[in-house]
Amino acid sequence: MSRKKQTAPEPEHVLFKKVKISNTNFTDAFRTIRDNIATRGYACLTDVGVVISATHDEELKRAVGRSLMSIPDGMPLAWYARLLGCRRVERIAGGELLQRLLEDDNGLTHFLLGDTDETISRVIEKASRMNRKIRITGYSPPFKTEFTPEDTRDIFAKINAVSPDIIWVSFGGGKQDKWMHRNVGLLERGVMIGVGAAFRFYTGELKTPPRIIQNLGLQWFYRMMGNPVRWFKRPFLLRLQFLMHFPIEVIKGRLGSV
Numbered sequence: 003m004s005r006k007k008q009t010a011p012e013p014e015h016v017l018f019k020k021v022k023i024s025n026t027n028f029t030d031a032f033r034t035i036r037d038n039i040a041t042r043g044y045a046c047l048t049d050v051g052v053v054i055s056a057t058h059d060e061e062l063k064r065a066v067g068r069s070l071m072s073i074p075d076g077m078p079l080a081w082y083a084r085l086l087g088c089r090r091v092e093r094i095a096g097g098e099l100l101q102r103l104l105e106d107d108n109g110l111t112h113f114l115l116g117d118t119d120e121t122i123s124r125v126i127e128k129a130s131r132m133n134r135k136i137r138i139t140g141y142s143p144p145f146k147t148e149f150t151p152e153d154t155r156d157i158f159a160k161i162n163a164v165s166p167d168i169i170w171v172s173f174g175g176g177k178q179d180k181w182m183h184r185n186v187g188l189l190e191r192g193v194m195i196g197v198g199a200a201f202r203f204y205t206g207e208l209k210t211p212p213r214i215i216q217n218l219g220l221q222w223f224y225r226m227m228g229n230p231v232r233w234f235k236r237p238f239l240l241r242l243q244f245l246m247h248f249p250i251e252v253i254k255g256r257l258g259s260v
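Numbering (the numbering used here), first residue to last: 3 to 260.
Some clues are possibly wrong.
Using 30 Å as the maximum straight-line C-alpha spacing, the simulated BS3-like pairs for lysine-lysine come out as follows [what the hints assert, rightly or not]:
1. Lys-135 / Lys-63
2. Lys-180 / Lys-160
3. Lys-180 / Lys-209
4. Lys-209 / Lys-254
Just the calculated beta-carbon pair ranges, DEER-fashion [to be verified]:
5. Asp-156 / Arg-33: 40 to 46 Å
6. Phe-145 / Asp-106: 28 to 34 Å
7. Arg-33 / Glu-61: 25 to 31 Å
8. Leu-245 / Glu-12: 21 to 27 Å
Simulated from the structure, these hints should not be mistaken for lab results.
Note that the Cβ used here is the ideal one computed from N, Cα and C, for glycine as well.
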């Protein structure tokens with residue numbers, strides 16, 4: 003009598019040098035966001051740069067690790083997770099997640115935090131045109147390297163006053179993750195999602211790479227060609243470190259020693 007081969011259960015997440023990468027796709031991510039609105043939390047859009055930065059920054063590693071999800075924003079992270087048994091994982095770009103949740107008729111309310119007043123106004127104008135039922139507002143605090151406790155209390159007073167379901171945080175990768183982790187206790191309800199420059203991708207101010215470039219995991223190269231001086235420094239070096247560690251981490255992960 004033949005027996006069917008049992009498929010091993012998929013892990014909820016994998017680790018790359020002890021940095022969490024969630025096994026998720028859009029359907030799973032939407033469910034996690036929706037299910038945690040009443041109890042509050044935050045999700046990170048994690049790319050290669052954030053992962054490698056977190057290997058040298060314990061606070062950032064902790065912030066990513068304690069998030070509801072560390073969503074893989076980049077094909078290399080999705081490939082890595084698949085090699086370690088995450089069959090359903092998908093790359094989810096911050097701009098795509100923002101667009102789908104703003105424009106779908108899902109009944110969610112939104113708060114845009116960060117960037118500039120002008121950019122927020124453009125996002126609200128476009129989202130309201132694409133989804134006439136949307137309820138959306140926003141606030142752009144004065145730019146600072148670090149917010150004071152008074153700044154942070156003022157930000158959360160504005161958020162809690164309108165009690166949104168989703169708070170889109172655009173402070174830049176790494177900074178936004180640590181800020182959400184430090185301050186999630188001030189949030190009365192809702193889920194914060196760190197989306198970096200997604201507001202500007204949504205409005206078209208920043209150009210999204212062609213789909214084939216995204217599928218090949220070459221967004222970084224596309225952006226480097228647009229600004230080679232900036233990208234050949236820290237962003238390029240972070241990706242080089244990722245490539246150097248990739249095969250070793252795959253072997254360790256398959257041996258169960260992550």
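Comparing the hints with the structure gives:
no., hint, in the structure
1, Lys-135 / Lys-63, "38 Å, violated"
2, Lys-180 / Lys-160, "20 Å, holds"
3, Lys-180 / Lys-209, "27 Å, holds"
4, Lys-209 / Lys-254, "37 Å, violated"
5, Asp-156 / Arg-33: 40 to 46 Å, "32 Å, violated"
6, Phe-145 / Asp-106: 28 to 34 Å, "31 Å, holds"
7, Arg-33 / Glu-61: 25 to 31 Å, "29 Å, holds"
8, Leu-245 / Glu-12: 21 to 27 Å, "25 Å, holds"
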